[in-house]
Amino acid sequence: MASKDTFRRFSRLFSGCACGRHRSHAEHDMAAARPAQDDAARYAGAVETAVVQALFPQAAHRRAFLKAIGGTGIAAALAPFLPLGAVTDAFAQGTGAIEKKDLKIGFIPITCATPIIMAHPLGFYSKHGLNVEVVKTAGWAVVRDKTINKEYDAAHMLSPMPIAISMGLGSNPIPFSVPAIENINGQAITLAMKHKDKRNPKDWKGFKLAIPFDYSMHNYLLRYYLAEHGVDPDADVQLRSVPPPEMVANLRADNIDGFLAPDNICQRAVYDGVGFIHILSKEIWDGHPCCSFTASQEFVTANPNTYAALLRAIIDASAYAQKPENRKGIAEAIAPANYLNAPPVVLEQVLTGTYADGLGNIKKDPDRVSFEPFPYESFAVWILTQMKRWGQVKGEVDYQGIAKKVFLATEAQKVMKEMGLNPPAATSKSFSVMGKPFDPAKPEEYVASFAIKRA
Amino acid sequence: MLPLRLRAALLSVLILVVFLLAWQGATAGFGGGGGGPATGMDPEYAKLMGLTATTGKSAMPSPVEVGRQLWAVLSDPFYDKGPNDKGLGIQLAFSLARVLIGYGIAVAVAIPLGFVIGMSPLMSRALDPFIQVLKPISPLAWMPLALYTIKDSGISAVFVIFICSVWPMLLNTAFGVASVRKEWLNVARTLEVGPLKRAFTIILPAAAPTILTGMRISIGIAWLVIVAAEMLVGGTGIGYFVWNEWNNLSITNVIIAILVIGVMGMMLDQILATVARLVTFPE
Numbered sequence: 000m001a002s003k004d005t006f007r008r009f010s011r012l013f014s015g016c017a018c019g020r021h022r023s024h025a026e027h028d029m030a031a032a033r034p035a036q037d038d039a040a041r042y043a044g045a046v047e048t049a050v051v052q053a054l055f056p057q058a059a060h061r062r063a064f065l066k067a068i069g070g071t072g073i074a075a076a077l078a079p080f081l082p083l084g085a086v087t088d089a090f091a092q093g094t095g096a097i098e099k100k101d102l103k104i105g106f107i108p109i110t111c112a113t114p115i116i117m118a119h120p121l122g123f124y125s126k127h128g129l130n131v132e133v134v135k136t137a138g139w140a141v142v143r144d145k146t147i148n149k150e151y152d153a154a155h156m157l158s159p160m161p162i163a164i165s166m167g168l169g170s171n172p173i174p175f176s177v178p179a180i181e182n183i184n185g186q187a188i189t190l191a192m193k194h195k196d197k198r199n200p201k202d203w204k205g206f207k208l209a210i211p212f213d214y215s216m217h218n219y220l221l222r223y224y225l226a227e228h229g230v231d232p233d234a235d236v237q238l239r240s241v242p243p244p245e246m247v248a249n250l251r252a253d254n255i256d257g258f259l260a261p262d263n264i265c266q267r268a269v270y271d272g273v274g275f276i277h278i279l280s281k282e283i284w285d286g287h288p289c290c291s292f293t294a295s296q297e298f299v300t301a302n303p304n305t306y307a308a309l310l311r312a313i314i315d316a317s318a319y320a321q322k323p324e325n326r327k328g329i330a331e332a333i334a335p336a337n338y339l340n341a342p343p344v345v346l347e348q349v350l351t352g353t354y355a356d357g358l359g360n361i362k363k364d365p366d367r368v369s370f371e372p373f374p375y376e377s378f379a380v381w382i383l384t385q386m387k388r389w390g391q392v393k394g395e396v397d398y399q400g401i402a403k404k405v406f407l408a409t410e411a412q413k414v415m416k417e418m419g420l421n422p423p424a425a426t427s428k429s430f431s432v433m434g435k436p437f438d439p440a441k442p443e444e445y446v447a448s449f450a451i452k453r454a
Numbered sequence: 000m001l002p003l004r005l006r007a008a009l010l011s012v013l014i015l016v017v018f019l020l021a022w023q024g025a026t027a028g029f030g031g032g033g034g035g036p037a038t039g040m041d042p043e044y045a046k047l048m049g050l051t052a053t054t055g056k057s058a059m060p061s062p063v064e065v066g067r068q069l070w071a072v073l074s075d076p077f078y079d080k081g082p083n084d085k086g087l088g089i090q091l092a093f094s095l096a097r098v099l100i101g102y103g104i105a106v107a108v109a110i111p112l113g114f115v116i117g118m119s120p121l122m123s124r125a126l127d128p129f130i131q132v133l134k135p136i137s138p139l140a141w142m143p144l145a146l147y148t149i150k151d152s153g154i155s156a157v158f159v160i161f162i163c164s165v166w167p168m169l170l171n172t173a174f175g176v177a178s179v180r181k182e183w184l185n186v187a188r189t190l191e192v193g194p195l196k197r198a199f200t201i202i203l204p205a206a207a208p209t210i211l212t213g214m215r216i217s218i219g220i221a222w223l224v225i226v227a228a229e230m231l232v233g234g235t236g237i238g239y240f241v242w243n244e245w246n247n248l249s250i251t252n253v254i255i256a257i258l259v260i261g262v263m264g265m266m267l268d269q270i271l272a273t274v275a276r277l278v279t280f281p282e
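Taken in order, these protein sequences are the chains called F and A.
According to numbering that gives the first Met the number 0, the residues represented by the first sequence are 0 to 454, in order.
According to numbering that gives the first Met the number 0, the residues represented by the second sequence are 0 to 282, in order.
Worth double-checking, as some hints may not be accurate.
[Claimed, not checked] Capping the alpha-carbon separation at 25 Å, the derived lysine to any residue pairs in SDA-like fashion look like this:
| hint | chain 1 | residue 1 | chain 2 | residue 2 |
| --- | --- | --- | --- | --- |
| 1 | A | Lys46 | F | Val396 |
| 2 | F | Lys362 | A | Ile201 |
| 3 | F | Lys103 | A | Asp84 |
| 4 | F | Lys149 | A | Leu50 |
| 5 | F | Lys363 | A | Thr53 |
| 6 | F | Lys413 | F | Pro342 |
| 7 | F | Lys103 | A | Gly88 |
| 8 | F | Lys195 | A | Ala45 |
| 9 | A | Lys46 | F | Pro342 |
| 10 | F | Lys403 | F | Ala425 |
| 11 | F | Lys452 | F | Asp285 |
| 12 | F | Lys413 | F | Val396 |
| 13 | A | Lys134 | A | Ala275 |
| 14 | F | Lys100 | A | Lys80 |
| 15 | F | Lys103 | A | Pro82 |
| 16 | F | Lys363 | A | Met40 |
| 17 | F | Lys363 | A | Asp84 |
| 18 | A | Lys80 | F | Gln296 |
| 19 | F | Lys441 | F | Glu282 |
| 20 | A | Lys150 | F | Lys416 |
| 21 | F | Lys404 | F | Phe430 |
| 22 | F | Lys452 | F | Val396 |
| 23 | A | Lys46 | F | Pro343 |
| 24 | F | Lys327 | A | Thr53 |
| 25 | F | Lys362 | A | Met40 |
| 26 | F | Lys103 | A | Gly153 |
| 27 | F | Lys193 | A | Pro82 |
| 28 | F | Lys195 | A | Met40 |
| 29 | A | Lys150 | F | Asn148 |
| 30 | A | Lys181 | A | Gly153 |
| 31 | F | Lys327 | A | Ile270 |
| 32 | A | Lys150 | F | Thr426 |
| 33 | A | Lys150 | F | Gln296 |
| 34 | F | Lys452 | F | Leu168 |
| 35 | F | Lys103 | A | Lys150 |
| 36 | F | Lys197 | A | Tyr44 |
| 37 | A | Lys80 | F | Val134 |
Calculated directly from the structure, the hints in this document are not laboratory data.
Source: prediction; values computed, not measured.
Take these sequences, add in the hints, and give me the full structure.
And the structure:
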């Protein structure tokens, strides 16, 4: 949009540097301090700039830092925090020419999107030669429509969404793919404070419970959990689709009794004293996928190198986010209004796993949320079994075929190997949900084995 | 006795002061709705909790807090910290641009079409059912359809403004044109004035006050709609600002946005009111 650019230029007048080519004075100073250099030095410079900017988002701090270390030896000064050498090497190794450098990626402001979001302030996109704008979006349906409309090149979606879109549930069938899972675990069932004595789901009849979207792991996990306790999720309780940001407000207003929602929403309810964490989603299925990094098949085939670079950036960011020692810094980096817009102390509790449960206890669970990007095909098969179980799809389902087409496990294996990471050898794995084993080779039998179902 | 104007102004100030005092009292006096101040909370635990939960502080900010935050927001209205965090001035500019484009298109469509409807009883009757059905539709109902067919969120927002603000203008123009006094039209006919000249020299000036009233209602609607549309589409604009702060449950910033939206809406209305005064004529 032309007007948008005008405004951006306009705003630059107020925040840019003297020469107008840099985003701030500090960047200008850094550029001026660097004379003509060869490519390798330029990469190092770019990485340094990104890192310094990420560590000191405020221009004043950045300037103070640069002054303190004298403008040179940034790498040396930062070495204890980040091995800049290794980062620069990876940056210089491009594979093919990137077709499209400027990308837009949509996200919903929840901690599931951590790798997608933090890759921006911490410079993982620029490290892989991409200029990415991460755009906050109001809801799942809007993310879906904007990605289908090609306003976004790639997006953060709930992992069942690309399956649903590819199958044409709730939209026209458009082939979408999941090259990487964003996070595993990291959700929770949160109930209003007034229900603090009703810890048995059998007492929940008549509850109004919120889920973020119909095609979400939250929907399937909550239904599974309720059904295992003999509560029919369609007849005994009311499930409502509510966008995550509105959940806490609705819980406070007594519109709903609880929700199975992504974090930071659950922790936010605790932080504001409106609710308590009943269980973490990992207590239903430890290692369940939640959100996914998604792009349309069309984008992938038209821009294979861009897509590969993007995937490398996401896998790189996930690996960084997976390390417990980095979690605090990440919470700090994604808290500002440009990203999650949430109190850092809430994000820290979610990411470090040391959290208040809302009932006066401090709980410790370092695996509260994990960032393991590998998109096992069996995840997709399980999602499909639940779509079938609850009547979202009818008739014959080509479980393995759809899973293979949407969840690109082989692709992820390849990229992870190229990056020197250790991907799992198999593209499928079996797991158990609430103690009930799931065999991805026998999906129909699995669906048939449930007592409460709509299929 | 003071003149009426001055008395009214004094009363306005008094109402404001009473309101602010009541607000301050309400937020300072009582704790939050639920829970109340927690005593004997483990300090380690308290560190992980928000003020509402630990001290029973109301989530509702006091007017002083709002004032302080308002000053902070207004003193730096044009900052740009990336695509999702821009100053209030920039957000307002985005919203205004959308409103003016959508409203401009609505004016361009509604006034000529209103003339046609007003001058032809046949068209008036034929189009009436459509207008009556389309008029009361909420902007949010149009949004999914617009997003799906237009495939661009920016244009969708403009379309929604257009489709919601076109009706009052259309109806008022048609009404104004249809109720021009018959004597004037008859005089024009005796003088053998052509239809185009008749429309511009007689009907337009005569119907102008009614048309302006319609335009005034429409700009109010357009400004109402922009907030809803931007909350849904996101990205930029004052509506996005409200949504983003709601996300963070920051009531203070939401109140500031409400204030700014109100003042801006009043200004738009006043501009059209001034224009309306210029075209009014005594009978």
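Results of checking the hints against the structure:
1. In summary, the hint linking A/Lys46 to F/Val396 is not supported, as the alpha carbons are separated by about 50 Å, beyond the 25 Å threshold.
2. Distance restraint check for F/Lys362 and A/Ile201: the Cα-Cα separation of roughly 79 Å exceeds the 25 Å cut-off, and the hinted pair is therefore not satisfied.
3. Proximity of F/Lys103 to A/Asp84 is assessed by CA-CA distance (about 16 Å); at most 25 Å being required, the pair is judged to hold.
4. Simply put, F/Lys149 and A/Leu50 have alpha-carbon atoms about 42 Å apart, too far for the 25 Å limit, and the pair is violated.
5. A C-alpha spacing of about 20 Å is found between F/Lys363 and A/Thr53, which places the hinted pair at or below 25 Å, so the restraint holds.
6. For a cut-off of 25 Å, the pair hint linking F/Lys413 to F/Pro342 is broken: about 38 Å separates their Cα positions.
7. Proximity of F/Lys103 to A/Gly88 is assessed by CA-CA distance (about 24 Å); at most 25 Å being required, the pair is judged to hold.
8. At most 25 Å may separate the alpha-carbon atoms for a hinted pair to count; F/Lys195 and A/Ala45 meet this at roughly 19 Å.
9. For the proposed pair A/Lys46 and F/Pro342, the alpha carbon gap of about 12 Å is at most 25 Å, so the pair holds.
10. For the hint pairing F/Lys403 with F/Ala425, the CA-to-CA distance comes to about 13 Å; that is within 25 Å, so the pair holds.
11. Note on F/Lys452 and F/Asp285: the hinted pairing holds, with a Cα-Cα distance of about 23 Å set against a maximum of 25 Å.
12. Note on F/Lys413 and F/Val396: the hinted pairing is violated, with a Cα-Cα distance of about 28 Å set against a maximum of 25 Å.
13. Proximity of A/Lys134 to A/Ala275 is assessed by CA-CA distance (about 24 Å); at most 25 Å being required, the pair is judged to hold.
14. Note on F/Lys100 and A/Lys80: the hinted pairing holds, with a Cα-Cα distance of about 21 Å set against a maximum of 25 Å.
15. Proposed proximity of F/Lys103 and A/Pro82 is supported: the alpha carbons are some 10 Å apart, at most 25 Å.
16. Simply put, F/Lys363 and A/Met40 have alpha-carbon atoms about 18 Å apart, close enough for the 25 Å limit, and the pair holds.
17. Distance check on the hinted pair: F/Lys363 and A/Asp84 sit about 33 Å apart at the alpha-carbon level, beyond 25 Å; violated.
18. Between A/Lys80 and F/Gln296 the CA atoms are separated by roughly 32 Å; this puts the pair beyond 25 Å, and the hint is violated.
19. Distance hint between F/Lys441 and F/Glu282 is fulfilled; the C-alpha atoms sit about 24 Å from each other, no more than 25 Å.
20. Only pairs whose Cα atoms come within 25 Å are accepted, and A/Lys150 paired with F/Lys416 is rejected, the gap being roughly 38 Å.
21. Restraint check: the Cα-Cα separation between F/Lys404 and F/Phe430 comes to about 21 Å, which is no more than 25 Å; the hinted pair holds.
22. Between F/Lys452 and F/Val396, the direct Cα distance comes to roughly 16 Å. Compliance with the 25 Å bound is thereby established for this hinted pair.
23. With a C-alpha separation of about 12 Å, the suggested pair A/Lys46 and F/Pro343 falls inside the 25 Å cut-off, and the hint holds.
24. Taking the CA atoms of F/Lys327 and A/Thr53, the gap is about 23 Å. The hint holds against a cut of 25 Å.
25. Between the alpha carbons of F/Lys362 and A/Met40 the distance comes to roughly 15 Å, so the proposed pair stays at or under 25 Å and holds.
26. For a cut-off of 25 Å, the pair hint linking F/Lys103 to A/Gly153 stands: about 15 Å separates their Cα positions.
27. In summary, the hint linking F/Lys193 to A/Pro82 is not supported, as the alpha carbons are separated by about 40 Å, beyond the 25 Å threshold.
28. At most 25 Å may separate the alpha-carbon atoms for a hinted pair to count; F/Lys195 and A/Met40 meet this at roughly 17 Å.
29. Between A/Lys150 and F/Asn148, the direct Cα distance comes to roughly 5 Å. Compliance with the 25 Å bound is thereby established for this hinted pair.
30. At most 25 Å may separate the alpha-carbon atoms for a hinted pair to count; A/Lys181 and A/Gly153 exceed this at roughly 45 Å.
31. Restraint check for F/Lys327 and A/Ile270: not satisfied, since their Cα atoms lie roughly 51 Å apart, outside the 25 Å limit.
32. Between A/Lys150 and F/Thr426, the direct Cα distance comes to roughly 36 Å. Violation of the 25 Å bound is thereby established for this hinted pair.
33. At roughly 18 Å between alpha-carbon atoms, A/Lys150 and F/Gln296 fall within 25 Å of each other, so this suggested pair holds.
34. As the CA atoms of F/Lys452 and F/Leu168 are separated by approximately 19 Å, the hinted pair is consistent with the 25 Å bound.
35. Note on F/Lys103 and A/Lys150: the hinted pairing holds, with a Cα-Cα distance of about 16 Å set against a maximum of 25 Å.
36. A hinted pair counts as satisfied when its Cα atoms are at most 25 Å apart, and F/Lys197 with A/Tyr44 qualifies at roughly 23 Å.
37. Between the alpha carbons of A/Lys80 and F/Val134 the distance comes to roughly 12 Å, so the proposed pair stays at or under 25 Å and holds.
This entry does not satisfy hints 1, 2, 4, 6, 12, 17, 18, 20, 27, 30, 31, 32, going by the numbered hints stated previously.
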